[in-house]
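Student: For the sequence shown, this note's numbering assigns the number 1 to the initial residue and increments by one for each residue that follows.
Take the hints with a grain of salt, since some may be wrong.
Stated by the list, open to error - Straight-line alpha carbon distances no greater than 25 Å define the calculated DMTMM-like cross-link-like pairs of lysine to aspartate or glutamate that follow:
no.: 1; residue 1: 83; residue 2: 58
no.: 2; residue 1: 51; residue 2: 30
no.: 3; residue 1: 51; residue 2: 13
no.: 4; residue 1: 96; residue 2: 63
no.: 5; residue 1: 145; residue 2: 100
no.: 6; residue 1: 51; residue 2: 39
no.: 7; residue 1: 142; residue 2: 108
no.: 8; residue 1: 38; residue 2: 123
no.: 9; residue 1: 113; residue 2: 123
no.: 10; residue 1: 12; residue 2: 22
no.: 11; residue 1: 83; residue 2: 13
no.: 12; residue 1: 83; residue 2: 63
no.: 13; residue 1: 38; residue 2: 58
no.: 14; residue 1: 12; residue 2: 71
no.: 15; residue 1: 51; residue 2: 72
no.: 16; residue 1: 37; residue 2: 93
no.: 17; residue 1: 51; residue 2: 22
no.: 18; residue 1: 83; residue 2: 39
no.: 19; residue 1: 12; residue 2: 72
no.: 20; residue 1: 12; residue 2: 63
no.: 21; residue 1: 145; residue 2: 108
no.: 22; residue 1: 51; residue 2: 71
no.: 23; residue 1: 37; residue 2: 57
As the list claims (entries may be wrong) - Label-pair ranges, simulated between beta-carbon atoms:
no.: 24; residue 1: 150; residue 2: 106; range: 38 to 46 Å
no.: 25; residue 1: 61; residue 2: 6; range: 21 to 29 Å
no.: 26; residue 1: 72; residue 2: 139; range: 57 to 65 Å
Hint data in this document are derived by calculation from the structure and do not stem from the laboratory.
Because the structure is a prediction, the values reported are computed rather than measured.
Using N, Cα and C, we set each Cβ at its ideal position, and we do this for glycine too.
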Amino acid sequence: MSQIQLTPAQRKEHRAEAHHLDPVVMVGGDGLTAAVKKEADAALNAHGLIKIRVFSDDRAAREAMFQTLADELNAAPIQHIGKLLVLWRPMPEREKAVDENRMPGPRDIKVLKYSKMAGQRPEVKTLRVLGNQRLTAGGQVKRAKPKQISIKKRSQT
Numbered sequence: 001m002s003q004i005q006l007t008p009a010q011r012k013e014h015r016a017e018a019h020h021l022d023p024v025v026m027v028g029g030d031g032l033t034a035a036v037k038k039e040a041d042a043a044l045n046a047h048g049l050i051k052i053r054v055f056s057d058d059r060a061a062r063e064a065m066f067q068t069l070a071d072e073l074n075a076a077p078i079q080h081i082g083k084l085l086v087l088w089r090p091m092p093e094r095e096k097a098v099d100e101n102r103m104p105g106p107r108d109i110k111v112l113k114y115s116k117m118a119g120q121r122p123e124v125k126t127l128r129v130l131g132n133q134r135l136t137a138g139g140q141v142k143r144a145k146p147k148q149i150s151i152k153k154r155s156q157t
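Work out the full structure, taking the sequences as your base and the hints as a guide.
Tutor: Next comes the structure, spelled out in structure tokens:
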């Protein structure tokens, strides 16, 4: 497999996104093993953009690991700074299982009740609203009204 080629602007954008990330894969004294490659591949599938920390002091070995990972994992090399390597690969599309029989689930809604006295903190209540219920302006939970059927349809059935 070959690595992904990016423009300098795209690489700069990914470097900025990776700035706050923590390393998710660590390469220890054994070097680049099959387990490390497998973990890096899983992390790329899950996150798309990852940092890898290499504990080796040999810069040439780290550079070789960087290129090897990029080639074998079909990823774009973003940055090699110190002992950190940054790789990016577009995340695969995930299929969502559509459950046609699924109904809306319960929702937890926070309601603020303000005090009539100035300077008092408002009271916070958490209400659970089910799929067939609604919340009124006054903070009351009411059942949703049944579906209205027109007079014409009612007379046909």
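Student: So, for every hint listed, does it hold in this structure?
Tutor: How the hints compare with the structure:
Only pairs whose Cα atoms come within 25 Å are accepted, and residue 83 paired with residue 58 is accepted, the gap being roughly 9 Å. For the suggested pair residue 51 and residue 30, the alpha carbons sit about 19 Å apart, so the restraint of at most 25 Å is met. For the hint pairing residue 51 with residue 13, the CA-to-CA distance comes to about 15 Å; that is within 25 Å, so the pair holds. Annotation: proposed proximity of residue 96 to residue 63 is violated, straight-line Cα distance about 39 Å (limit 25 Å).
Proposed proximity of residue 145 and residue 100 is supported: the alpha carbons are some 23 Å apart, at most 25 Å. Our distance criterion of 25 Å between C-alpha atoms is met by residue 51 and residue 39, whose separation comes to about 12 Å. Note on residue 142 and residue 108: the hinted pairing holds, with a Cα-Cα distance of about 15 Å set against a maximum of 25 Å. A C-alpha spacing of about 51 Å is found between residue 38 and residue 123, which places the hinted pair above 25 Å, so the restraint is violated.
A hinted pair counts as satisfied when its Cα atoms are at most 25 Å apart, and residue 113 with residue 123 qualifies at roughly 5 Å. A distance of roughly 18 Å separates the Cα atoms of residue 12 and residue 22; the hinted pair therefore holds under the 25 Å criterion. Between residue 83 and residue 13 the CA atoms are separated by roughly 21 Å; this keeps the pair inside 25 Å, and the hint holds. Simply put, residue 83 and residue 63 have alpha-carbon atoms about 10 Å apart, close enough for the 25 Å limit, and the pair holds.
Our distance criterion of 25 Å between C-alpha atoms is met by residue 38 and residue 58, whose separation comes to about 23 Å. As the CA atoms of residue 12 and residue 71 are separated by approximately 20 Å, the hinted pair is consistent with the 25 Å bound. For the hint pairing residue 51 with residue 72, the CA-to-CA distance comes to about 16 Å; that is within 25 Å, so the pair holds. Restraint check for residue 37 and residue 93: satisfied, since their Cα atoms lie roughly 21 Å apart, inside the 25 Å limit.
About 7 Å separates the Cα atoms of residue 51 and residue 22, which keeps this hinted pair within 25 Å; it holds. Restraint check for residue 83 and residue 39: satisfied, since their Cα atoms lie roughly 18 Å apart, inside the 25 Å limit. Restraint check for residue 12 and residue 72: the C-alpha separation of about 23 Å stays at or below 25 Å, so the hint holds. With a C-alpha separation of about 19 Å, the suggested pairing of residue 12 with residue 63 holds against the 25 Å cut-off.
For the hint pairing residue 145 with residue 108, the CA-to-CA distance comes to about 20 Å; that is within 25 Å, so the pair holds. For the suggested pair residue 51 and residue 71, the alpha carbons sit about 16 Å apart, so the restraint of at most 25 Å is met. Restraint check for residue 37 and residue 57: satisfied, since their Cα atoms lie roughly 20 Å apart, inside the 25 Å limit. For the pair residue 150 and residue 106, the supplied restraint of 38 to 46 Å is violated, since their beta-carbon distance comes to about 31 Å.
The hinted window of 21 to 29 Å between residue 61 and residue 6 holds, with their beta carbons roughly 24 Å apart. A hinted range of 57 to 65 Å for the beta carbons of residue 72 and residue 139 is consistent with their spacing of about 58 Å.
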